[in-house]
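Next come the chains, spelled out residue by residue.
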Amino acid sequence: MTLQNGVVMLWADWWDLFQHFLSYSIASIGGPLVLLPEMHHFMVTEQHWLTDGQFSASIVLAQAAPGPNILFVALMGWNIGLNAGGYLAGFGGAFLCMVGMLLPSSAVVFITAGWVQRNRDLKAVRAFKQGMSPIVIAMLIASGWTLATANTEAAHDWPLWLITTATTLIVWRTKIPMLWLLAAGAVLGASGLV
Amino acid sequence: MNTQARHQPESLSDLFFSFSRLAIQGFGGVLAYMERELVDKKQWLTREEFVEEWAVARTMPGPAALNLSIMVGARYFGIRGVLVSLAGMFMLPSLLVLMLALGYARFGDNPHVLGAVRGMGAVASALFIATGLKLLTTFRTNVLGVLRCSLLAIASFTTIALLHWGVVNILVGLGGLACVLTYLKIRSRA
Numbered sequence: 000m001t002l003q004n005g006v007v008m009l010w011a012d013w014w015d016l017f018q019h020f021l022s023y024s025i026a027s028i029g030g031p032l033v034l035l036p037e038m039h040h041f042m043v044t045e046q047h048w049l050t051d052g053q054f055s056a057s058i059v060l061a062q063a064a065p066g067p068n069i070l071f072v073a074l075m076g077w078n079i080g081l082n083a084g085g086y087l088a089g090f091g092g093a094f095l096c097m098v099g100m101l102l103p104s105s106a107v108v109f110i111t112a113g114w115v116q117r118n119r120d121l122k123a124v125r126a127f128k129q130g131m132s133p134i135v136i137a138m139l140i141a142s143g144w145t146l147a148t149a150n151t152e153a154a155h156d157w158p159l160w161l162i163t164t165a166t167t168l169i170v171w172r173t174k175i176p177m178l179w180l181l182a183a184g185a186v187l188g189a190s191g192l193v
Numbered sequence: 000m001n002t003q004a005r006h007q008p009e010s011l012s013d014l015f016f017s018f019s020r021l022a023i024q025g026f027g028g029v030l031a032y033m034e035r036e037l038v039d040k041k042q043w044l045t046r047e048e049f050v051e052e053w054a055v056a057r058t059m060p061g062p063a064a065l066n067l068s069i070m071v072g073a074r075y076f077g078i079r080g081v082l083v084s085l086a087g088m089f090m091l092p093s094l095l096v097l098m099l100a101l102g103y104a105r106f107g108d109n110p111h112v113l114g115a116v117r118g119m120g121a122v123a124s125a126l127f128i129a130t131g132l133k134l135l136t137t138f139r140t141n142v143l144g145v146l147r148c149s150l151l152a153i154a155s156f157t158t159i160a161l162l163h164w165g166v167v168n169i170l171v172g173l174g175g176l177a178c179v180l181t182y183l184k185i186r187s188r189a
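First to last, the protein sequences are chains A and B. Okay, so the first sequence: first residue is 0 according to numbering that gives the first Met the number 0, each after it adds one. Okay, so the second sequence: first residue is 0 according to numbering that gives the first Met the number 0, each after it adds one.
One or more of the hints may lead you astray.
[To be verified] Derived DSS-like pairs (lysine-lysine); straight-line CA-CA distance at most 27 Å:
#1 A:LYS174 - B:LYS184
#2 B:LYS133 - A:LYS174
#3 B:LYS184 - A:LYS122
#4 A:LYS122 - B:LYS40
Treat the hints as calculated values from the structure; they're not laboratory data.
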């Protein structure tokens with residue numbers, strides 16, 4: 000993550016950035032990751048506020064760190080702030096982007112969830128929850144699958160796949176704390192065994 | 000939805016610390032920890048309820064895990080619960096991720112660090128898969144029945160993971176079909 004100094008962020012630019020995240024938030028049906036191409040186009044290609052490397056590092060780091068993966072948005076704002084000035088701007092950028100990304104969708108969820116809860120006995124509401132269940136469970140398994148197989152190939156990365164398979168069985172069938180498994184994965188990875 | 004007494008958050012601080020605890024452990028994504036904390040440990044939701052809430056959270060705009068935390072917070076404490084849940088989910092993790100970003104700028108090209116991240120990535124993807132597999136048991140109580148649920152799940156997995164169709168297409172297409180089938184089934188039972 001090299002610093003790209005010389006990015007100039009005026010108040011109008013911050014406002015522009017904030018507005019873009021407000022619209023990403025509303026558009027993020029199916030998960031925020033579907034919007035990555037648009038975010039990349041706006042912040043990297045069009046405005047040059049972020050480098051390519053910073054953009055992908057933000058996603059990778061948020062995924063590697065504990066906490067919600069949506070924190071990649073905060074890291075993007077953080078990097079833009081660093082590029083534009085320094086740590087203070089970094090904090091400001093992280094906060095601004097995160098609030099923009101959360102405000103509209105959270106409001107929609109809050110209002111809808113209340114309605115769903117009050118009308119939980121309606122046939123249509125029950126049908127929606129029950130009908131969607133098998134689809135969203137499959138999506139969960141699919142995102143694990145995609146994470147495990149993206150950027151890997153069988154000939155070279157089979158030990159990684161072995162870890163994924165073994166861990167899946169352990170978590171599925173036992174109550175072993177998941178943090179231990181993560182630590183084991185980190186140790187195996189750091190020692191160069193996988 | 001049954002009416003028997005069940006566990007629920009005792010206070011706003013119970014809510015805050017529960018979400019903090021699961022968020023701070025959630026490497027690679029918090030969902031697996033959410034399921035373990037809310038269903039197994041705290042028992043605020045049964046596995047069936049967790050799946051139904053998840054179905055709503057996943058079809059709304061925004062990150063599904065956060066949406067679920069908003070829904071849980073709102074149910075017990077209204078808007079205050081929402082703010083407290085979100086604070087729990089974000090406060091410690093956002094500080095950690097910024098520290099990590101600073102560290103990454105210095106140590107990001109260290110092969111041991113890269114290796115550790117790779118190893119943890121392999122485990123994190125397993126957490127998603129295993130959580131999904133655990134939730135499969137809810138097919139037994141789904142009005143669609145085990146067979147139809149399985150077919151829909153297999154179709155969704157294949158189109159998303161193997162054929163790489165867009166998630167939104169599947170939510171609307173297969174999800175819409177599933178909702179209509181379920182609605183007809185519920186109506187014919189009534």
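Results for each hint:
1. A:LYS174 - B:LYS184: Between LYS174 (chain A) and LYS184 (chain B) the Cα gap is close to 36 Å, so the pair fails against 27 Å, i.e. violated.
2. B:LYS133 - A:LYS174: With a Cα-Cα distance of about 12 Å, the restraint between LYS133 (chain B) and LYS174 (chain A) holds, given a limit of 27 Å.
3. B:LYS184 - A:LYS122: holds (10 Å)
4. A:LYS122 - B:LYS40: violated (31 Å)
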